[in-house]
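Read off the chains here:
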Amino acid sequence: MDKKIIEVKDITKIYKIGDVQVRALRGINLTIHQGEYISIMGPSGSGKSTLMNILGCLDTPTSGTYYLEETNVEKLNDNKLAEIRNKKIGFVFQTFNLLSRSNIINNVELPLIYSSKNNTKDRRLRIMDSLRAVNLTGWEKHKPSELSGGQRQRVAIARALINDPAIILADEPTGNLDSVTGEEIMAIFQKLNQEGRTILIVTHELDIAMHTNKIIYVRDGLIFKEEKVENPIDAFKKLAEMPRLEDRLN
Amino acid sequence: MKRSLENIKVAFQALFLNKLRSFLTMLGIIIGVGAVIIIMAIGSGAQSSIVSNIQSMGTNLLTIEPGRDTTRPGGGPVEFNRNSTPTVRGDLYLSDYKALKNASTLTGAAAIVQRSSTVTYMGVSESVSILGATDDIFKIRNYKISSGNFFNESNVSNSSNVAVIGQQIIDDFFGRIDPIGETIKIDKQNFTIVGTLQSLGSNAMGQNQDAIIIIPVTTAQNKLYGLSTVNNIIAQVKDESLIDQATSEITSILRQQHHILSGKLNDFEIRNPSQMLETMSSVTNTLALMLAGIAAISLLVGGIGIMNIMLVSVTERTREIGIRKAIGAKNKDILTQFLTESIVLSITGGILGIIFAVVISFILSKFAGINTAITATPIILALSFSTLIGLIFGIVPAMRAARLNPIESLRYE
Ligand SMILES: Nc1ncnc2c1ncn2[C@@H]1O[C@H](COP(=O)(O)OP(=O)(O)OP(=O)(O)O)[C@@H](O)[C@H]1O
Ligand SMILES: [Mg+2]
Chain C
1 MDKKIIEVKD ITKIYKIGDV QVRALRGINL TIHQGEYISI MGPSGSGKST LMNILGCLDT
61 PTSGTYYLEE TNVEKLNDNK LAEIRNKKIG FVFQTFNLLS RSNIINNVEL PLIYSSKNNT
121 KDRRLRIMDS LRAVNLTGWE KHKPSELSGG QRQRVAIARA LINDPAIILA DEPTGNLDSV
181 TGEEIMAIFQ KLNQEGRTIL IVTHELDIAM HTNKIIYVRD GLIFKEEKVE NPIDAFKKLA
241 EMPRLEDRLN
Chain V
1 MKRSLENIKV AFQALFLNKL RSFLTMLGII IGVGAVIIIM AIGSGAQSSI VSNIQSMGTN
61 LLTIEPGRDT TRPGGGPVEF NRNSTPTVRG DLYLSDYKAL KNASTLTGAA AIVQRSSTVT
121 YMGVSESVSI LGATDDIFKI RNYKISSGNF FNESNVSNSS NVAVIGQQII DDFFGRIDPI
181 GETIKIDKQN FTIVGTLQSL GSNAMGQNQD AIIIIPVTTA QNKLYGLSTV NNIIAQVKDE
241 SLIDQATSEI TSILRQQHHI LSGKLNDFEI RNPSQMLETM SSVTNTLALM LAGIAAISLL
301 VGGIGIMNIM LVSVTERTRE IGIRKAIGAK NKDILTQFLT ESIVLSITGG ILGIIFAVVI
361 SFILSKFAGI NTAITATPII LALSFSTLIG LIFGIVPAMR AARLNPIESL RYE
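Order-wise, the sequence lines are chains C and V. With this note's numbering, the residue at position 242 of the first sequence is 242, and numbering never jumps. With this note's numbering, the residue at position 80 of the second sequence is 80, and numbering never jumps.
There's no promise every hint is true.
[As the list claims (entries may be wrong)] Derived CB-CB ranges, DEER-like:
#: 1; chain 1: C; residue 1: M242; chain 2: V; residue 2: T387; range: 57 to 63 Å
#: 2; chain 1: C; residue 1: S145; chain 2: V; residue 2: T286; range: 54 to 60 Å
#: 3; chain 1: C; residue 1: E70; chain 2: V; residue 2: L391; range: 39 to 45 Å
#: 4; chain 1: V; residue 1: N331; chain 2: C; residue 2: G196; range: 30 to 36 Å
#: 5; chain 1: C; residue 1: E227; chain 2: V; residue 2: S4; range: 47 to 53 Å
#: 6; chain 1: C; residue 1: M242; chain 2: V; residue 2: L391; range: 54 to 60 Å
#: 7; chain 1: V; residue 1: V301; chain 2: C; residue 2: K121; range: 46 to 52 Å
#: 8; chain 1: C; residue 1: N135; chain 2: V; residue 2: E316; range: 32 to 38 Å
#: 9; chain 1: V; residue 1: S4; chain 2: C; residue 2: R244; range: 47 to 53 Å
#: 10; chain 1: C; residue 1: M242; chain 2: V; residue 2: K9; range: 39 to 45 Å
#: 11; chain 1: C; residue 1: E70; chain 2: V; residue 2: N331; range: 23 to 29 Å
#: 12; chain 1: C; residue 1: P43; chain 2: V; residue 2: N331; range: 34 to 40 Å
#: 13; chain 1: C; residue 1: G45; chain 2: V; residue 2: K9; range: 38 to 44 Å
Just so you know, these hints were derived from the structure itself, not from any lab. For glycine and all other residues, C-beta sits at the position ideal for the given N, C-alpha and C.
Given the sequences, and given the hints that come with them, work out the whole structure.
And the structure:
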């Protein structure tokens, strides 16, 4: 059995809005091992984003325990959580969340700015490696606004990779992209997973979820069902078979 | 290191992104810093010329004035009486001057009558300051002859109608004509010009010292103004170190002259130049205090402007803060980023203020003839103050930024 990356037990999250309590998570148990490629599905409002935020150490659970690579996360203060987000987690958002005023290099470099250890030469190499991993060399000096949505999401993935995190958490990474561009993003995730990276994706589309090795269904703040995907879709193969707009235009 | 460089880079990015807004924000600091430096430059320019003027008048000169009644309130300008002994009303005469002239601690003395009179030459009339003096005045005041001669002792004893004139008088009345030997009318009496003075410029009080006509004191007393007294007597002490001795010698001579019984107050007053310097510096200190007040207020206003705009900036960049935090920025990273930004804003304002002040001072001294002297002190002060302002007024917005919740910030539209 591979090493446990994430182990959560009985995680609950209750939001209080005035007198009203919203029970977003009602006792989640989940274990993720090194090298897994998992998707989470569920209806809107079922608590997927809430769970991702807690797993990503952006938020803390109301109760329950959370171990991230042997670290008991729910006991940590703000500074320690920031450090974990910086070193162990690579977050990819639906809306990309790039710094619009910085160029691609500076965006990808951002996590390095907040982790003091690397020297400049090492930095350059890592930025280049990250950009190569998402097929985005040659765009270094451009601003995010000059890139297409798919390219922007690739910059976000490059940024998530730069500190060599324990896990990549992607909340609806293809939600704002068309199907071909979404497939390209899934191809990148597939390649990263084949290289050994642990990846967790939230999605609304079964099509996307079928790329991963396991689907976790969430409903009303609880895990409703876990299911292994027998023959996951090969994104590269699918991309090659996809009808191309360019072909139609010719 | 890399992080603070990044902070400064981000700060300048933000500053340049909203150039007009940044400039307007900095305006308070620019004006505050600029105004203070300009006023201080004018102040120290004026002060240095006043000091050098007082010194050029001679630090070994004592001025003896007729006594005023200082026992009564309002008996004279307070600041001048503060350092001197109380006096009663009295008068000075030429006999006092004669008695003082040969005092052992003095190299000489001059008696002076000073009035204003109408001077006429070739139909042109003008009111001019007339200095009636004994001939020693030329030596004591260090006047230099430009053409002709000074008048002499026999001119004084004979009450001759002779005059020595300053450069301004030449310009006003004679133009290109050689004034030596010409006759001018002072209050309807004819005077022969025997000499002209070299230019002296302005004195400590800003008066033009070249607009002057010097005539024998006796002529002024007897023929022009009908006086038996003189306005004051200038005594030249042999050496600056003898000032105190000279003061007591003059006191004893004049008390004898005026038959003042022991225990009674003097009816004259002796002033020395260092007293005047002290007065000047007390005036300057008051001015500096007022300036500091103005500076404090304008910098406060500038600081509030910076705080305001930083609060706006934090709100506008909530999403950026969320991204940075999600990616691993600690609260203290965000705090320093925004503090750096407000300090960069205020220091840039301070530097622009200094440049503004330097340019204005240059223009003032070049085209308006105002003496200015920019010194290092106000510049260093301005820079450290604007840094401090940025720090103090930046802390609240920066803390607000640092405390933002990452998830809520990411959700912010
Ligand atoms: N900050 C918050 N304050 C109050 N309630 C919240 C907050 N965030 C989420 N919720 C509530 O918690 C529940 C779960 O929300 P969450 O965003 O996790 O759902 P989701 O599964 O990600 O939905 P979607 O598919 O639409 O993104 C919802 O009922 C939501 O209204
Ligand atoms: Mg969601």
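Going down the list of hints, with the structure as the test:
| no. | hint | in the structure |
| --- | --- | --- |
| 1 | C:M242 to V:T387: 57 to 63 Å | holds (59 Å) |
| 2 | C:S145 to V:T286: 54 to 60 Å | holds (58 Å) |
| 3 | C:E70 to V:L391: 39 to 45 Å | holds (42 Å) |
| 4 | V:N331 to C:G196: 30 to 36 Å | holds (34 Å) |
| 5 | C:E227 to V:S4: 47 to 53 Å | holds (50 Å) |
| 6 | C:M242 to V:L391: 54 to 60 Å | holds (57 Å) |
| 7 | V:V301 to C:K121: 46 to 52 Å | holds (48 Å) |
| 8 | C:N135 to V:E316: 32 to 38 Å | holds (33 Å) |
| 9 | V:S4 to C:R244: 47 to 53 Å | holds (49 Å) |
| 10 | C:M242 to V:K9: 39 to 45 Å | holds (42 Å) |
| 11 | C:E70 to V:N331: 23 to 29 Å | holds (25 Å) |
| 12 | C:P43 to V:N331: 34 to 40 Å | holds (36 Å) |
| 13 | C:G45 to V:K9: 38 to 44 Å | holds (41 Å) |
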